[in-house]
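Once you've looked at the hints, dock chain B against the given chain A.
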Amino acid sequence: MTPLRRLLVASVACAAMTATAAQAQRGADGQLNIIYWQAPSTMNPFLSGGTKEVEASSMVIEPLASYDNDGNIVPRLAVELPTVENGGVSADLTSITWKLKPGVKWSDGSDFTAEDAVFTWKYCTAPDGGCAQSSYFEGVANMEAVDPLTLKITFAEPKPFPYTALVGAESPIIQKKQFENCMGAKAPECTQQNFNPIGTGPFVVKEFRANDVITLEANPNYREADKPRFQTVLFKGGGDAASAARSVLETGEFDYAWNLQIEPEVLERMEGAGKGKLVSAFATSVERILINFTNPDPALGPDARSVYKDDGSNAHPILNDIRVRKALSLAIDRPLLNDLGYGKTGRPVCNVLPGPDIYASTANDACLVQDIEAAKALLDEAGWAPGSDGVRVKDGRRLSLLYQTSTNSVRQSFQSLIKQWWAEIGVETELRNISASVFFGGDPASPDTFQKFYADVEMYTNNFSGVDPEAYMADWRCDAIPGPATQWQGSNINRYCNPDYDALSKKMASTAALADRAELAKAMNDMLMQDYVLLPLIHRSGTSAHSVTLAGVKMNDWDSELWNIADWHRAK
Amino acid sequence: MARYALRRLLIAIPTLLAISFIIFALLDLAPSDPTANLPLTIPPEVREKIRLSLGLGEPFVVRYFKWLEQFMINEPLNVLEQWTGWTIGDSENRLRVLSWATRSPVTDLIVERLPQTLWVVGMSYVIAVLIAVPIGVISAYRQYSLFDQIGTFISMLGFSIPTFFTGLLLIVIFSVWLGWLPSIYDTTHVVRDWDSFVFQVKQMLMPTMVLALANASQISRFMRASMLDNLNQDYVRTARAKGLRERVVVLVHVLRNSLIPVVTVIALGVPTIFGGAIITEQIFRVNGIGQLLIIGIEGADIPLVQTLTFIFAILIVVFNLIADLIYGMLDPRIRYD
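Those protein sequence lines, which keep their order, are chains A and B. Every letter in the first sequence is one number past the one before it in this note's numbering, and letter 219, counting from 1, is 219. Every letter in the second sequence is one number past the one before it in this note's numbering, and letter 124, counting from 1, is 124.
You may find that some hints are simply not true.
[What the hints assert, rightly or not] Mimicking DSS-like on lysine-lysine, the simulated pairs with C-alpha atoms at most 27 angstroms apart in a straight line are:
(1) B:Lys-66 - A:Lys-177
(2) A:Lys-186 - B:Lys-49
(3) A:Lys-101 - A:Lys-122
(4) A:Lys-176 - A:Lys-99
(5) B:Lys-49 - A:Lys-122
(6) A:Lys-275 - B:Lys-202
(7) B:Lys-202 - A:Lys-206
(8) A:Lys-176 - B:Lys-49
(9) A:Lys-206 - A:Lys-105
(10) A:Lys-186 - B:Lys-66
(11) A:Lys-507 - A:Lys-419
(12) A:Lys-326 - A:Lys-275
(13) A:Lys-186 - A:Lys-122
Treat the hints as calculated values from the structure; they're not laboratory data.
Bound-form chain A, shown alone:
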C-alpha cells in the first residue's frame, strides 16, 4: 500500500467513524409506541382530512412552517418566516416569497426543491381530486419556483394573513416525483403512494396497514444528523379512548396515547397509577349552544322551515327576543358543567373565540356565574308569565324549546342538566340526540343535520385550524346563511344577520397589522356574545397521555400533537 493510498484509506475510515458517531445519537432510544384509538386510514392527508390521518402523516411529511405549542408560527422547511418587514411579503400583500432551507433531502435521498411545493399546490387543486385540504390554497393565483430554493406564492387579491398555503400539518408538501402520476381522478388509485409517502420528516413508513397499525423507522436522510432519537415507531390504532389511556397510564405498554376524552374522575384514577401523565393544550375548540334565529316550526314547508328571510318575516317567534336568549345563558352553571364533563381537560368559557391570547376578550366573563333570579326577571320583563304547570306562557304560546345535539354521553348529560336549569326559570325543553354521522353529515335530503337546524337550539363543538380567526369569524356573515338555495351549505348555522357585524368582518379582511386585527376579532366576538347569538360553554383542550419514561413531549393543539416528535426521547 502506498503512503498516499494508506492516507486515503485512513481518512475514509475516519469519515466513516465520525458518521457512525453521529448515527449513534439517531435511533439510540429504540422503539416508540404510540396509540391512537382512531386508526389512520391513509397516510395522505389530502385524501382524508381527518385529524388522525393528518397527525400520523405529520411524522413523515412536513409543511414550510408549523405552529408551536404557544400558537406561534415557526419555520420548518423554510429558512425564516417571510414578513412585510423582511421583504418576504410584498408591500401590497399580494405575494409571499419563501426561502427554503438548503440541503434538505427527501427520504429517498433526492433533493427537496421549490418544485415540490408548486406540485403540491397543483395536486391539491386538480379538478376531480376531491382534495380535503383545498381550502388552504384558496386565493392562491399562482405558485412558482423562482429557483430551487425560492418559492413565490401570488394571491388573487391582497391577503393580510398569507400563512395558509403549505403552513401547518394539514397542508404539508409531498414529493413531485412520487405523486406526479396521481393527479386528480387518479389520486385514489395510487394506493402504494398514498400509504407510503416519501417525506422530509423524521420518520419513514416501513409498513402501513390501513385502520390498524403503522410501523415507521428513522429517516436516514433527516436534516438533523442526531435526530430522531427513536429508531422505530409503532403506531397502533383502534379500540376506545379509555383503554388507550389504560395502556399508557396503567399497564405502561404504550408511550403515548392521543385524544383521551373520558370522564375526568376515571382519568384521574388512572393517572394515580404513576406510570404516565396527562398533558393538555388549549387552542380554539369551544362547545357551544347555537340559537336558531329563524322559525323551525314543522308546520312550515321545506322552503320556509329554518329558512332566513331578508324581510324578517320568518324570525324565530321566541328566540328573536334578546331577553329570552340572555335568560337562557344566565340559567347555565358553566363551571359545574365543566367539573362533571371535562375536569382538567376543559374550562368554562364565555367567548366563542377563546384564543390565541391576543384575540381573547375579557368583556363577557360575567357568564361564568349562574343567576337564576336574574334570568327569571328577564323573562318576566319580556312578557312571559308562569303558567299553571310552571312553564311560561305568552299570547297563548308556551315557552318550549327543542334542543338537539349529537349522540355522545357527555353531551347527553349536559342536555339533561341544562334542561333542569331551564325548567327552573320556566322554560320547557324537549331533548333530542342524533347519531353523529347523520348530524354532522352534509346530506341535504336529511332533516337531521346540524346545517338544517330543524330545532330551536343545538349544541356541538367547533374550532378553527391555525391561529388566524379571520375565516372563522366570517362564519356569521349574512351571506353565509345556509338555505335550500345553497343546498343547505353555509357556515352561518345560526342564521344571524347583522350589517354591523358584516362591516367588521369586511374590515378585517383588508387589515394587515396584527394589533388592529386582534381588536376587530375581539369586537366581533363581543358582538356575538352580547347579542347572545351562541352560548359558549366549555373551552375544550386536546388531552393526551405520555409515559413517564418519555421526554420531550410539548403538547400542541394548534398543529399536529406529534409536531416535535423528532425531539422526543427516553427520559434518563
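For chain B alone, kept in the frame of chain A given last:
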C-alpha cells in the same frame, strides 16, 4: 347427493343476487355521509367535492351495477391473477372496489386482516368445540351430578355475561394488576423462534379465552340437550340389551345421533369466524375483520360495508349447504336424491 348439491348451488345464485341488491339498497338509502367525521374546519364546498370524487354524484342503478361488476368479475379475476401470476385482459385499468376511507381496494384490506381474525376467532372456535362437546356429553350422561351442576353454572355465566365485560375483567386482572399478559394485540408480531411463539400465545390467550367461553357455553348446552333426547330412546335400550359395552352405546350410537343438531349449530357458526368478533376484536385491538366492519360503519365507508356484509351472506349460504350435506353423512336415513 351431487345432483342435490348442484341444485342447491344453482338456487344460491339468484338468492345471492337478491341479497346483494337488498344490501346495496339498504346501505345506500340509509342516511350517512362519508365526510361527516371530518373536522368542522373543512368547509362545505370542499366536502361536496370530496363526495363527488367518491362517485356519489352518479345515479343509484349505475352505482349498483358498477359495484356488482367490480365485485363479481373484477375482484375474482384479480385474486386469480395474484395467485397464478397470469395476466388476464386489461388488468392495469380494471376498476376494483375501493374503500372510501382508505382509497385502497377493499379485498386487499380484507386479505390483510384475515390472518389475525382466523387465528384468534378461529382458534377460539376450535377450543370452544373441543371443550363443549365432552362437557355436553358428560353433563347429559351424568345428569344432575356435581359435574353437570358446575358445567351448567359456568355455561350460564358464559351465556349471560357479555364479552365486553369478561374482556375488560381479564384485562384488569391479567394486564393491570398482574402484568402477565399484554392488553393490546400486536398484529405486526412475527413468530420466528420459541420466545416470539410464547409472546404470540400470550397475546392470543385473553381474546381467545373470552370468545371460547361464550361459544363453548352455547354449544355445550345444545350438546347436552341433544344427548338427553337420545339417551332415553328405544334404540339405546336395544343396544344395551344386545350387550354392547356402555362406551360403545354412548360414544358411537348416542353421540352420533346427538351430533346432528349440534353440527348445524357449529356449521352455521363458522361464518361468524370470518365475520370476526366485533366487540372482542375492538377490546383487545386484534383489528381483524370485525373491527374493519365497525370502522367502515362508523366512517360511512359504504363500499367496504357492502362488500363485507355481502361476503358474510355468501358464507352463510355456503355453510348452510355444507351443514345439509353433513347431515347426510351422519344420518344414513337422510337422502337427498
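Hint-by-hint comparison with the structure:
no., hint, result
1, B:Lys-66 - A:Lys-177, "32 angstroms, violated"
2, A:Lys-186 - B:Lys-49, "15 angstroms, holds"
3, A:Lys-101 - A:Lys-122, "22 angstroms, holds"
4, A:Lys-176 - A:Lys-99, "19 angstroms, holds"
5, B:Lys-49 - A:Lys-122, "16 angstroms, holds"
6, A:Lys-275 - B:Lys-202, "22 angstroms, holds"
7, B:Lys-202 - A:Lys-206, "26 angstroms, holds"
8, A:Lys-176 - B:Lys-49, "23 angstroms, holds"
9, A:Lys-206 - A:Lys-105, "18 angstroms, holds"
10, A:Lys-186 - B:Lys-66, "18 angstroms, holds"
11, A:Lys-507 - A:Lys-419, "39 angstroms, violated"
12, A:Lys-326 - A:Lys-275, "46 angstroms, violated"
13, A:Lys-186 - A:Lys-122, "14 angstroms, holds"
Hints 1, 11 and 12, counting from the list given before, are not met by this structure.
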